[in-house]
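Asks: Sequence:
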Amino acid sequence: MALTKKQQFAQKVAEKTQLDRKTAEVFVYAVFETVLEEVIENGSGQIGDLGEIEKAFKKARTARNPQTGEPVEVAAKYAPKFKPSKKLKDTLKALEV
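Going by my numbering, the first residue of the sequence shown is number 17, and it counts up by one from there.
Errors might be hidden in some of the hints.
Below 30 Å or equal to it, Euclidean Cα-Cα: the simulated DSBU-like pairs (lysine-lysine) are [said to hold, decoys possible]:
1. K28 to K93
2. K105 to K93
3. K93 to K22
4. K22 to K38
If you are wondering where the hints come from, they were derived from the structure by calculation, not from laboratory data.
Turn these sequences into a full structure, and let the hints guide you.
Replies: Shown next, in the form of structure tokens:
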């Protein structure tokens, strides 16, 4: 089962830690908010052994509308960039295909 929602993730945390569901939900929401605040304030946020989320600057550029072929100006912006940890990379590399 893919964990796509915070509530589903909190349910898994509750099962693994024997916390009640509401406490696990509060914990999960606090962790997500803390990582988001770290990325905004400091440019990156560490997520345990999973990796790091960085605030990456994307400069303004000219793109192309795929339907019309016309050039479109894309403004400069920040975008999230995930850098997996060595542990995550090694764990996935060790899985059988």
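Asks: Need the list of violated hint numbers for this structure, in ascending order.
Replies: 1
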